[in-house]
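Undergrad: Same order as they appear, the protein sequences are chains A and B.
Residue 62 in numbering that gives the first Met the number 0 is what sits at position 63 of the first sequence, and the numbering runs on without skipping anything.
Residue 159 in numbering that gives the first Met the number 0 is what sits at position 160 of the second sequence, and the numbering runs on without skipping anything.
No lab work stands behind these hints: they were computed from the structure.
Nothing here was measured: the structure is a model prediction, and the numbers come from that model.
All C-beta atoms, glycine included, are put in the ideal place defined by N, C-alpha and C.
One or more hints might be untrue.
Claimed, not checked - Quick partial rundown of chain A residues pointing at chain B, CB under 7 Å, derived from the structure:
(1) N25
(2) L28
(3) M47
(4) L117
(5) G238
(6) P257
(7) V286
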Amino acid sequence: MNIPSSITTLLIGILLTLVSLWYGQNHGLMPVQASEEAPLIDGLFNFMMTIGTGLFLIVEGVLIYSLIKFRRRPDDDTDGPYIEGNIPLEILWTSIPAVLVLGIAVYSFEVYSNIGGLNPMDHSMAHGHQTHQTAMAMPGSAIAATLADASMADPTTNNQQVAEAATQDPATAAVRDESIPQRKDALSLGVTAPRLGSTPDKQGKLPELVVNVTGLQFAWLFTYPDTGVVAGELHVPVGQEVLLNISANDVIHAFWVPEYRVKQDAIPGKQSELRFTPSKVGEYPIVCAELCGAYHGAMKSKVIAETPADFDAWMESQKLASGDRFDRAVALNSSEKSTDEFLSPFVSSWGVNSSTVQQLQSHQLHSAHVHPFAS
Amino acid sequence: MTQVLQEEAKVPGQGAVPEKRNWRKYFSFSTDHKVIGIQYLVTSYFFYLVGGLLAEAVRTELATPEVDFVSRELYNGLFTVHATVMIFLWIVPAATGAFGNYLIPLIIGARDMAFPRLNAVAFWLIPPGGLLLMSSFLVGAPGSGWTSYPPLSLVTDQAGQAIWILSVLILGTSTILGALNFIVTILKMRSPGMTLNKMPLFCWAMLATSALILLSTPVLAGALILLGFDLIVGTAFFNPTGGGDPVVYQHMFWFYSHPAVYIMILPIFGLISEILPVHARKPIFGYRAIAYSSIAISFLGLIVWAHHMFTSGTPPWLRMFFMINTMVIAVPTGIKVFSWLATIWGGKLRLNTAMLFAMGFVSMFVIGGISGVMVSSAPFDLHVHDTYFVVAHLHYVLFGGSVFGIYAGTYHWFPKMTGRMVNETLGRIHFVLTFIGFNLAFLPMHKLGLEGMNRRIAEYDPKFTTLNLVCTIGSYILAVSVIPFLVNMGWSIFNGAKAPSNPWGGLTFEWLTTSPPPPENFEVDPVWTIGLYDYGTEEATEVIKAGPVLAMAAGAET
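One chain only, chain B, in its complex shape (with noise of 0.2 Å):
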């Protein structure tokens, strides 16, 4: 590492690249796409601490059995809110917005996004949608949960569920932008050399995320429009008062809202099989598997939405559908996790603060996907469908698998991000608290809710107050992790140890330029020259002692 330093400063030319800060550019309509990333990135952790408040608040109604600390309605607006924040203002934005707006242009050696101003548009959607979505406390938040099925979200906090609506609709038109822009950065504009089979397995993973969010996400449109129809106007469209059929609602919804758990999945995986292989010192193990199971997972994410409705609105013949469908899906995520056990396996460990997180994402992950495959199975899904058990499994995938991957990443490239090296040692606290805490707060409910604790209920039996207790006390401990992570960026971000332009000695091309990137990214335009996860050959060492410098010479030669 030193010696890429070294190596750097002696580079003629090198001092004028990055270019002076200016923190207005970050608060402004930038068409840049590393401004945007950063744009979503800080956004996103925003609404990430929001959404944590509201999920502090959640769990401190609930560590009595008894309704004591906000009013039941409140409590109602405060997990509907929740959930409706960390998924389309936190997860969604965090993944494929930061990550995939800041990473793909430089991972596949582009200046920019095909569609630089698109790319403006759908991030300046999400903060006047997400404000429109806290207003709603002012008038009395949703409360009929992020799903919000009529006939329940035609007759409470009407105002509530007409800006939820809204202010879904706007978050979901910006993912449909990004997605396009994705899949035309993706497909067109790839530099010299770099085939499909060749890219980075990011851009796979954003590939099959794109296409489910152009496929899934006019479905959910569709079915808020006709909801706010029968909402505001009075139509029946879901409303069983005037013929209309609730059953309806729940197949479109599901129809966007199952794949939605991919999208907010799949670029993770991607993410993983980028820092994994960078961090344990090996090519990734099995390219074309890991390649392809996202796109297997991304096809067969569209055809199982009905089993969120094993106990509604199904035919038997279609539970067994829909159950068999399910249980598929564990076939490519099974290939992904062997693949990266046997890429960390036989490697050379690097333990920082990316790869605990990293390797956090792959223990924790496979409980809710185990937890997956359970509740897929119709007849068990009959007991544990909508109690405590259900949410144990989406917390494991989507904090234990989301959160950890977006940390993860967060602190990987937050050297190529800002310039400057994280805290480790604060990172690992970071790591550790976010470990306890979690395992803490989201492990009792698997029991919980097998011995028939149901979900969004602000009073319980007292025979489950201890474990609840438990999963509180978790949740404050999940809270206080936190702290040592912003500390690390706050602290880091001004007075953090310059950073290289390679520390972590990856060969992907954004590595190839400076810490942070210029605005056009490459000096010259890279030309792929050895295999992106060529780890333990001589030419990967080579081109990581030498510097960026090298790579980019012997790219412009051909």
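So that you can see chain A by itself, here it is in the shape it has in the complex (with noise of 0.2 Å):
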């Protein structure tokens, strides 16, 4: 086989690994990092660019070369040199790729680790705070056992009243209608949901703000179980750790933030876990990453991150605005308005707007029609 020179071969190398290593960290493909899990999974990407760069370089390059050094001349009819292997180099580039592959995997396992993907024990410490277990025990789908958390929590504090409200008020209500197929019979903690624990830094520690998310055909419900405070947007305090327990309510959905770097999916009958901590002030998208109908491309809310004193002052704007509504509730008779009257007034404040009761509406209707063997 025709070895160029050794100096040339080690200049290219040189020059090569510098390319690499310059492209690796300045290749400017990812999104803004507001997330502390975000810098780590950008780590291990522009470690994997660079070992990528380097290696579609060396490919390219000696395709390239090939095809001009290497193409037959016209009037050469002869073949190329008879070279049938080369068994050390063969046992090189086959331990190259394994070694590589090898140092990408334990970085990989480093940094899993470092955003809470193996801290299993924390489930049941987290749960054990929103008196999952009691939840558990009772029948009822994802969602009533998210909203059951808040109706559950601590009696000593008035989230009570504030939680009923919160299920007692149309849009979850709406969420929670018979017609709306869930798994009845559902173990909402499966053990077998998938999560994201704490970090070993925060291991054993409970998380700082822990907030239901429910997916449905086609938006987000966020309900915070300590204050039974119900939003379609997610407000989430900067630099504490927050725990989202995920469930959905028709068809998978998956709750994804770029910024942040972090995806879970929404199972019907199952509840999982997502943990990350913000970083950032600002809001960022949240996009429902699985497929979940035809309005799957619309399904979209924001993730507002606030200083903890702003998201302080939020809480308690919400925390009134849901006592009026709880109040005007009572007071007025629901029966006689329809669900888009009564909505109305609260359309701007919860971030629910009205085209996702439409939807939410025509998905009952859609649902209660095509499942007739949901009971």
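Quick one: dock chain against chain with the hints and give me the complex.
TA: This is the structure in structure tokens:
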């Protein structure tokens, strides 16, 4: 085999390494890092990008060089040299990818562990905090369980009232409506439900904020079990670890915040968890990543990361608003009004817009129609 | 080359061999493996064009962020049927069905496949399966993606979904029958003297592929039958409303559908291993490494399925298990890529269209391979799963890999199949347009996915408009690139220069018979005399110069 002289190889090797190292760090392909997990994932990506760039340049370089250097001359009808193989060379290029892959695997394992992928013990602790065990014993769907969390929070606080209000307001009532297909006898704490647990430095500590997330065609609903606040957008305080208890109401959805680099499927009949720590104030899109029907592309929401003070202020305003709602919900006979009429005053404060409600309703009809065997 | 032609003209009796052209046999139940192979090839190219039109409709919709070209429901139907057509009616039938059937008996020196009638049955399941799938557009095409995850697949477009299930079952049955035939043919019908370690690399690839098909396709059939029960009868295997588990479907589905990507790419690896040495005029580098790595990929391919489920139903330790298994596949694949590069290195490259597509295959497949290792990393996959990064990755593997490979194979064996040469100028135009269009269409998708664009959506954030427009323009160039190809094929079949038996100077058995081969393939049973990849040796030069008769005579003497 016609290996070029060692000096040239060395120089090309150095150049290749430098280019790969530079591009691996400066590709500019990722969005901003807005969670504490993001830099870890990006570090892993940059590492793989460096190796990938090197491999890409080697392969394309050899191909382009061969294309020019080894093309057949018009008057040359002879064959190339008879070379069948070269055992040391083959061992070399088997072991190099093997070592690289091992490196990537070890690094991935490390990152996975650091973003909390390997802490199954957190699970029961987090739920112990929310009296999930009680919820589990009760018959009810995943969403019912998430709402039950709220109603069964510490009775010494006034959360219960607020939580009941939340369970009675039309949007969540629609979610809990019998006609929407959901697994009635679900063990909402499915043992196989996937999760990202807490990061090693936060292991054993309770998450600072718990939010119950429900995906439904075609919206996200966020319930804050400690206060009973229900919202269509996710508000989180920066610098605090957030635990999402994710469930789905009808079909599979996937909760994804690109700027946070985390994604978790919401699976009907199962409860899954996602933990992350927002690190940057701002608004970021929440995307449903799993195909969930015709309006899949429109199933969007926002995560609003605020300073803890702003977050508390928002929470207070929501508590007041939902308190109002509760009073008015009791005062008015809601059955005299259509859901849409009833909802209209609250549309802006919830972030659940009227099209969401429309979709909710149409889905309700749809699923009632197509599920003759649902119950 | 001219010398071969002249030699051949002098051989007595040679003129009597090519039979009369009879187009009717290509539309009837023939048991000749060559007819069946060409039937597969033409049918799958037809569905390639159909799938391509569906893709263009999808890209046209995505040219703007709003939903303005088709309805959302139709959009979901378009990409679902696009994916199903491209996988089950284009790449699999073209790679295994067409090239497997056409080449394997020729390349191992047999007169036909082991079970010619079964072979014909396998082919004749394809057209009705395909037409059935198309008919779903009349009742509302299935809109839950080619993965058809329940519960979504149980609640939307149920008639279309039922049709989808039935048609995939029919197409899967066809694949299973084909695989049985390949295994028996390769193991039992090789010409005397052709041991496993001397047989062409394409046979190794098809052996590995067929094993995968037999092991995994029945599991898909099981999943689809259960899904069909849920859909039609109202059982609750996968329906959470009745206590079923939708994640179980994902396990069963991916137990087939991940190996399916190797079912699509392994035969192409085989084709490339046959094409590169012929046009580089060098022996394949590391025969055994390439052969055994096919088997390794086949085995490892069976234990990686859960990497599609990193964000859904897998416990943490399982994620790590599947992450490492998946990454390990990069090793045998890397062996192949480096062996191909070493085959090219120092050769005398004849840069005709077949070679350009073969080299284009290597260069593009590498990008898909690198992004494949990236998505196999569980923490990184938590970011990019179900995004355009994955769409880019899979198109680099399946278009840059499989489609480039099928094109290379088509150009390489066109003279053998039709007895005519292709027009190289049109071929090069086809290559250049395909290469540019392909990269323009799919390279920006990597960035789109990383930035936050999810897949399977008709509307998207306006901040992604520019890159999507580039992708759409690239897809149009890709569509245009098919025109010179079709013109070339159509024109060359009737008006191309007459092809000699061995236009490229190849050493595998199919080049020892006439172009096109007679019904029984060989006048005399060919016997293996020199290595199939012994380019650069004096014997090989003599065999090629002397033309087919010498080799056959030499074979007959032993």
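Undergrad: The hint names N25(A) as touching chain B; please verify it with the least Cβ-Cβ distance against 7 Å.
TA: At 14 Å from the nearest chain B Cβ, N25(A) fails the 7 Å test, so the hint is violated.
Undergrad: Just to be careful: measuring from the Cβ of L117(A) to every Cβ in chain B, is the smallest value less than 7 Å?
TA: OK, holds: L117(A) within 7 Å of chain B, min 5 Å.
Undergrad: For the restraint on L28(A), tell me whether the closest CB of chain B is nearer than 7 Å.
TA: holds (5 Å)
Undergrad: Can M47(A) be said to touch chain B, with a Cβ gap under 7 Å?
TA: holds (5 Å)
Undergrad: With a cut-off of 7 Å, does the beta carbon of G238(A) approach a beta carbon of chain B closely enough for the hint to hold?
TA: violated (21 Å)
Undergrad: Measuring from the C-beta of V286(A) to each C-beta in chain B, is the shortest one below 7 Å?
TA: Holds: closest Cβ of chain B sits about 5 Å from V286(A), inside 7 Å.
Undergrad: The hint names P257(A) as touching chain B; please verify it with the least Cβ-Cβ distance against 7 Å.
TA: holds (3 Å)
Hints 1, 5, counting from the list given before, are not met by this structure.
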